[in-house]
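Trainee: Below, each chain spelled out in residue letters.
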Amino acid sequence: MAGGLEPALAALRRELGGPALLSVLIALLAVALTFLVWRFVQGRRSSRKAVLLLGLCDAGKTLLFARLLSGRYRDTQTSITDSSATYRLSHDKSTNVTLIDLPGHESLRLQFLERFKAAARAIVFVVDSVAFQREVKDVAEFLYQVLVDGTVLRNAPALLIACNKQDVTMAKSAKLIQQQLEKELNTLRVTRSAAPTTLDSSGGPAQLGKKGKDFDFSQLPMKVEFVECSARGSKGEEGDADLEGLEKWLAKVA
Amino acid sequence: VLTAPLPQERGGNNSFTHEALTLKYKLDNQFELVFVVGFQKILTLTYVDKLIDDVHKEFRDKYRNEFQQKGALGLLNGTFDFKDDFMRLLRDAEESSKVRAPTVMKTFEQSLKSQKTVKCMIETRGEKPKEKVKNKKNKGSKKEGAEAATAPSKAPAGDKQLSAAGDKEELTKDEILQKNREEFFRRHMKAGEKSRSPKPDAQKEKGKKPRVWDLGNSNAKVLDYSNSATNGSAEACPVEGFDPDMALGDKNREPGRLYDLEYESEEEAEEEKVVQNTSKPSAKKGGLGGMFGMLKGLVGSKSLTREDMDPVLEKMKDHLIAKNVAAEIAVQLCESVAKKLEGKVMGTFTTVTSTVKQALQEALVQILQPQRRVDVLRDVMDAQRHRRPYVVTFCGVNGVGKSTNLAKISFWLIENGFSVLIAACDTFRAGAVEQLRTHTRRLNALHPPESHGGRTMVQLYEKGYGKDAAGIAMEAISYARNQGFDVVLVDTAGRMQDNAPLMTALAKLIAVNAPDLVLFVGEALVGNEAVDQLVKFNKALADHSMAQTPRLIDGIVLTKFDTIDDKVGAAISMTYITSKPIVFVGTGQTYCDLRSLNAKAVVAALMKA
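Chains as they are written, first to last, in UniProt numbering: chain B, 1 to 254; chain C, 1 to 609.
Extracted from the complex, chain B is given alone in its bound form (with noise of 0.2 Å):
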């Protein structure tokens, strides 16, 4: 090796002439420099400090974005895009986090969680506890495709399921929401492994929670963590949001 480079690097000063084979190293030496300050750079900024409002259609994500942000109750529509800004505690305003609202119509909602699972430091999964019975098998779909996705799991943010519109009467308790949920889970794993492999055979889907256990929360990498609240508010529009243990869980987690 150092055989090669003796007569490589005679040569070179040969051609150059001494102050010019010096002042090319040196330029040499300063891209080298900024590329590792750079990737340096980069990695600093690219932590995460994101926490993401997922959850299917109707559930009360861009309320409770609103509601979080700037405390008073919008009329919102279906989100086709997502909205991101940065929240600050309530109770201890120097750290903030980055509060990410994602579509939840099912052509979108794949994308955005693409687009924006890397940068996740934490997952907020809304759930409509008045429609619960109905969509249950939905919820534990798009539940499951979060959880079993390769960034997610690597990673592990924080989870909260937050059990959303408790102000309607017919709103199903955490307690139960979370026992239909590990039920369905645990029929999803075992269709979905069953499903015929995908077209480019990329490996089957990684397995959730362990094998001949029932499937259980305390089993995933992460913390799970179920709170009940509601972006409406118990006195209509012009009051408050119930929000207490969320807020209380963000600041956990921040």
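Please keep in mind that the hints were generated in silico from the structure rather than gathered at the bench.
Relax, there's no trap hidden among the hints.
The list that follows gives simulated cross-link-like pairs (lysine to any residue, SDA-like), each with its CA atoms no further than 20 Å apart:
#1 C:600 x B:106
#2 C:340 x B:115
#3 B:223 x B:248
#4 C:323 x C:531
#5 C:317 x C:358
#6 B:137 x C:379
#7 B:137 x C:370
#8 C:323 x C:598
#9 B:223 x B:97
#10 C:600 x B:110
#11 B:183 x C:375
#12 C:339 x B:81
All values reported here derive from a predicted model rather than from experimental measurement.
Use these hints to put chain C onto chain B, whose structure you have.
Mentor: Frame of chain B; chain C shown alone:
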């Protein structure tokens, strides 16, 4: 609007009917706004387009600061007190529509009678066309008149009429004035880009007159929407040099395997080619304006206009058609992407091509994402719990592979522990029942009753040939319920979509038996036919069903996927037409050749050059 056409990439034309209302909408891509106007379907309001444009402009100008500075928080906290402005604009629009109708008639008379006076007026007042150009939006020429009339608001009514007449006058007198205009526009290069839009609109107005050829020689670059084909031989060379490279690249891979493709390298090569391409037209335009435009396009924020995107979209459309996407679908897709990108501000160092490609790719992935869940096993388990069989019906034209894929799906179900009853409702084709009997025998040999607790996993229910298919299906379902089978797979005869009596028979079978899943089997080789097949099948099912909400096709089985290498456009055509997911993909003739769709891989294969 938000839940149906926009996410499904049908945003090509901007009106949409829903129940009794017609909704017209307009997208502002720079600030990500959607303006929607809804009105009763029975009314035909001519001022709606103009109203939307005016509202859009006013709203944007008024709240521009809030959008630019505060982003999402601005949207949340800002109060948008637009109601008064909106009422005013509405009143203006209504009045102008009443005024305009008689105006049109008058200008026609004037153009016949007094030619000389108007002509003098046009030639002396050279700024009139320039003003018009500055306030231009890319709508029809009627809009030209309206915009020019509203923008110089100080003009009195008489002047307004005359100027409107002048516009019309210009259009009809274009033959004479064309030379003047050309000189004028060549002098003002900066306005040159914008001036192109009135001219093509003017050309559209005079569709019948042969004047188009006169202009063809002098303004080819203006009227030419298909830049790739006619813009001189200099540009054809980079295109040709590009293709053989890619063709060689392909030969190193196994045909028929869909790999996870990395196409970043191709994008870079594309970008070099694009830089060359853009430098050539700018050289043709000549002058400082062209060079400036190119530099501005590369660095800094330039907003996308229709003219920038048109050549790229044309190329993308041809590319899609070459990949076996149906022609009308490709056109609609490109329209929708154009609408989504118009007015959007590009970031630094992104070319038009890359932005358009990115948008098109997202659109394609969006189309292939299923609107409803695609989990057959889950639904079968549900039906099992309710002690009733899960009924799947296969329909399609002749020879697409219904019976073969039925056998594959029953194999898959047996592997997962469900017992299957195959109903042979193809009572027409010679050998159909024997074919299914052979499959049944083979499947039972592969999964003998001993290994499944003593019950036969697969059984065939048939009543020979010539009988009524719907009746056989009904008997098969009740037999399955009695015997405790988990799934019933109903095989129907292949039929052409134009054959009305057969379509009626199929619709009757589905309406009477109410299957849980209606699968349309289509082959991946089909091209533009896919559109026709699916539309007619859905229509037949909808027409002949008695219920309020007719059972339409619930899913698609895409067969013979191993015969196409990367011309996977049929998948896009089919999902676009029905918005239903592709449930299975058949890739061969053995029992294991059943796959599910991977949207990203298909889109990658489609976008590959």
